[in-house]
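These protein sequence lines are chains A and B, in that order. If you count the first sequence from 1, position 226 lands on 226 in my numbering, and the numbers rise without skipping. Here my numbering = 1-based position in the second sequence + 328.
Keep in mind the hints are simulated off the structure, nothing from the lab. Fair warning: there could be bad hints in the mix.
If you want a taste of the chain B side facing chain A, the calculated C-beta under 7 Å gives, among others [said to hold, decoys possible]:
no., residue
1, 377
2, 378
3, 380
4, 383
5, 404
6, 551
7, 556
8, 558
9, 572
10, 577
11, 647
12, 648
13, 649
In this text, a Cβ means the ideal position worked out from N, Cα and C, and glycines have one as well.
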Amino acid sequence: MTALLKVENLRIELTTRDGVAPVIDDLSFEMNAGETMSFVGESGCGKSMTALGIMGLLPEKVGRVASGTILFDGEDLTRVSDARMREIRGNDISMIFQEPMTSLNPVYTVGEQIAEVLRRHQGLGQRAAWEKAIALLDAVRIPNPRSRVADYPHQMSGGQRQRVMIAIALACEPKILIADEPTTALDVTVQAQIFDLLRDLGRETGTAIILITHDMGAVAEMAERMIVMYAGRKAEEGPVDQVINHPRHPYTKGLISCVPHLMANLSEERPELTEVGGIVPGLREFGRDACLFASRCDMVNDKCRNARPPEVAFKGNQASACWFAEKV
Amino acid sequence: MMNFITPLLQRTLYAVLLLIAVLVLNFSMMHLAPGDVADTISQSMGGADAETMDQIRRDYGLDQPFFIQLAKYVGNVLTFDLGYSFFYNQPVTTLIAEKLPATLLLVITSQLLALVVGVLLGVYSARNPNGIASHFVTFFALFGYAAPVFWTGILLLIAFSLKIPLFPVAGMSDVTISGGFFAKALDIARHMVLPVITLSSIFLALYSRLCRASMMEVLGSDYIRTAKAKGLSEREIVMKHALKNSLSPVVTLAGLQFSAVISGAVLVETVFSWPGLGTLALQSILARDTPTILGILFFSALVVIVGNLLTDLVLRLIDPRLRGKT
Numbered sequence: 001m002t003a004l005l006k007v008e009n010l011r012i013e014l015t016t017r018d019g020v021a022p023v024i025d026d027l028s029f030e031m032n033a034g035e036t037m038s039f040v041g042e043s044g045c046g047k048s049m050t051a052l053g054i055m056g057l058l059p060e061k062v063g064r065v066a067s068g069t070i071l072f073d074g075e076d077l078t079r080v081s082d083a084r085m086r087e088i089r090g091n092d093i094s095m096i097f098q099e100p101m102t103s104l105n106p107v108y109t110v111g112e113q114i115a116e117v118l119r120r121h122q123g124l125g126q127r128a129a130w131e132k133a134i135a136l137l138d139a140v141r142i143p144n145p146r147s148r149v150a151d152y153p154h155q156m157s158g159g160q161r162q163r164v165m166i167a168i169a170l171a172c173e174p175k176i177l178i179a180d181e182p183t184t185a186l187d188v189t190v191q192a193q194i195f196d197l198l199r200d201l202g203r204e205t206g207t208a209i210i211l212i213t214h215d216m217g218a219v220a221e222m223a224e225r226m227i228v229m230y231a232g233r234k235a236e237e238g239p240v241d242q243v244i245n246h247p248r249h250p251y252t253k254g255l256i257s258c259v260p261h262l263m264a265n266l267s268e269e270r271p272e273l274t275e276v277g278g279i280v281p282g283l284r285e286f287g288r289d290a291c292l293f294a295s296r297c298d299m300v301n302d303k304c305r306n307a308r309p310p311e312v313a314f315k316g317n318q319a320s321a322c323w324f325a326e327k328v
Numbered sequence: 329m330m331n332f333i334t335p336l337l338q339r340t341l342y343a344v345l346l347l348i349a350v351l352v353l354n355f356s357m358m359h360l361a362p363g364d365v366a367d368t369i370s371q372s373m374g375g376a377d378a379e380t381m382d383q384i385r386r387d388y389g390l391d392q393p394f395f396i397q398l399a400k401y402v403g404n405v406l407t408f409d410l411g412y413s414f415f416y417n418q419p420v421t422t423l424i425a426e427k428l429p430a431t432l433l434l435v436i437t438s439q440l441l442a443l444v445v446g447v448l449l450g451v452y453s454a455r456n457p458n459g460i461a462s463h464f465v466t467f468f469a470l471f472g473y474a475a476p477v478f479w480t481g482i483l484l485l486i487a488f489s490l491k492i493p494l495f496p497v498a499g500m501s502d503v504t505i506s507g508g509f510f511a512k513a514l515d516i517a518r519h520m521v522l523p524v525i526t527l528s529s530i531f532l533a534l535y536s537r538l539c540r541a542s543m544m545e546v547l548g549s550d551y552i553r554t555a556k557a558k559g560l561s562e563r564e565i566v567m568k569h570a571l572k573n574s575l576s577p578v579v580t581l582a583g584l585q586f587s588a589v590i591s592g593a594v595l596v597e598t599v600f601s602w603p604g605l606g607t608l609a610l611q612s613i614l615a616r617d618t619p620t621i622l623g624i625l626f627f628s629a630l631v632v633i634v635g636n637l638l639t640d641l642v643l644r645l646i647d648p649r650l651r652g653k654t
């Protein structure tokens with residue numbers, strides 16, 4: 001079976017005041033139909049840039065795909081025309097964003113905003129699209145969809161707005177849904193509901209989900225495979241259980257030990273909460289021939305500072321870009 | 329629907345109260361100024377002695393206390409009686425009714441032109457912030473805002489009426505033109521071109537500048553990114569999703585500028601001898617024709633207040649978040 005999405009040696013560059021920085025540096029991964037895959041990492045590690053790169057929505061004039069390919073169903077998205085890309089966006093690949101409060105247009109009803117995408121891609125008429133919008137609101141579990149469909153975004157809560165965003169994204173039953181930190185701005189209880197909804201609907205429609213998050217709990221619950229990103233590069237990749245049980249990269253290990261535990265007292269089950277000291281290097285550092293995690297790593301030696309570590313493969317499709325991957 | 333209408337009724341009530349306040353203020357200020365109707369009448373008679381003046385004042389109730397005169401005036405105005413102009417020998421209401429359409433035609437056309445062209449220029453330059461059109465808008469905005477209206481008007485007259493005689497020099501219509509409605513309308517349109525361009529130039533500059541700024545802000549917002557992620561075309565994104573959101577500040581400003589348009593119209597009408605309220609205002613001030621001045625002030629206030637009400641209505645139509653709020 002060929003992969004639904006195959007990203008190869010992707011390099012995305014941002015033009016900043018200090019020059020050109022590779023915010024995504026030589027990224028390769030594959031994704032199968034119906035699979036849920038998670039991207040984790042701190043802010044500024046290139047998770048969202050990867051998503052925007054796939055969507056063809058990199059910031060105009062500032063960001064561009066410098067090299068590499070993004071093969072979707074055999075079609076290279078880095079080479080297709082703008083018109084073809086617009087046909088794919090919202091139809092075959094769709095995306096939901098971090099900020100449900102501001103991601104919907106305040107001057108149109110939620111029904112119109114859902115119906116619009118159906119008219120655009122499915123060729124539905126006004127009436128049929130409106131009816132489908134009601135059905136979709138029902139599917140994302142908004143009560144009284146028939147009366148809520150004519151509501152404006154400001155009449156809804158943050159959780160409801162994110163549900164509307166999900167309805168828009170899944171309206172055309174896309175092959176891939178990219179969810180960029182979909183719950184960061186929401187209450188904890190609402191977060192769980194949104195994740196449940198995403199998982200259930202993803203299964204129903206057979207949509208593959210790319211979940212971008214820094215919530216390790218969500219990753220463990222939602223995803224089958226995960227990619228850990230650091231400073232624009234892939235640090236580690238593998239099946240979620242395997243990576244969480246035995247991380248092969250010091251950064252992954254650090255991220256996992258940052259997850260707070262509910263138990264009140266320290267015990268075997270609940271080790272002391274640690275942090276990954278330091279911060280993600282600035283864009284100026286990106287692209288250097290070195291391990292960019294070196295400044296924060298406790299296993300660091302001269303080799304790490306002078307050469308970029310290659311990817312080391314482990315059994316069970318796990319891989320880690322660390323000079324000491326075997327020892328971690 | 330209820331939460332759409334109730335605040336509007338409330339607004340209308342406020343507007344009526346405001347109008348009465350304007351009436352009181354106008355009347356009081358005119359009362360403070362030296363000279364009264366008796367002076368106007370005696371002037372037109374070629375002078376009068378003190379006894380005749382007293383007689384005139386008694387006849388027109390000018391000897392009565394200020395508050396009684398004020399109350400009578402407000403009462404009269406509320407029954408649409410604006411008094412009698414002794415200078416023109418006509419009721420003020422008739423006088424204004426004759427001149428108002430010309431001014432409204434000029435003012436509304438200029439505002440619409442300024443709005444439509446301003447928004448189009450603003451949208452265009454927001455999409456190409458470093459293009460020639462964008463620099464042109466910036467330059468034109470500065471020029472249009474800085475140049476006095478009468479100066480722009482005189483320059484246009486010299487250029488397009490004298491040097492290149494494309495348009496008529498003055499007036500609103502050519503009496504020698506006969507023919508049906510269409511021919512007359514065309515004639516008026518020809519006369520309108522220069523005054524409308526003059527009057528709209530300042531506002532065009534303001535609106536295009538503001539629209540450009542608000543459009544650029546809107547184009548960077550999250551819901552525009554959502555629209556892009558839906559696969560909509562550039563045109564749909566700009567004309568449907570961005571434009572409606574970026575119009576609010578422009579419409580608000582247009583409403584606020586309504587009074588400025590009226591005062592601009594006075595200048596433009598004078599330059600182009602446009603037979604409207606502005607010309608009438610100037611003449612009646614020079615003639616110290618108090619009832620006419622008061623009438624014109626009242627109508628200007630009325631136009632501004634109605635303009636503001638309309639602005640409010642349009643804003644509510646554009647932005648659902650304003651509905652149901654007072």
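- Item | Violated hints - listed by number, lowest first | 1, 2, 3, 4, 5, 10
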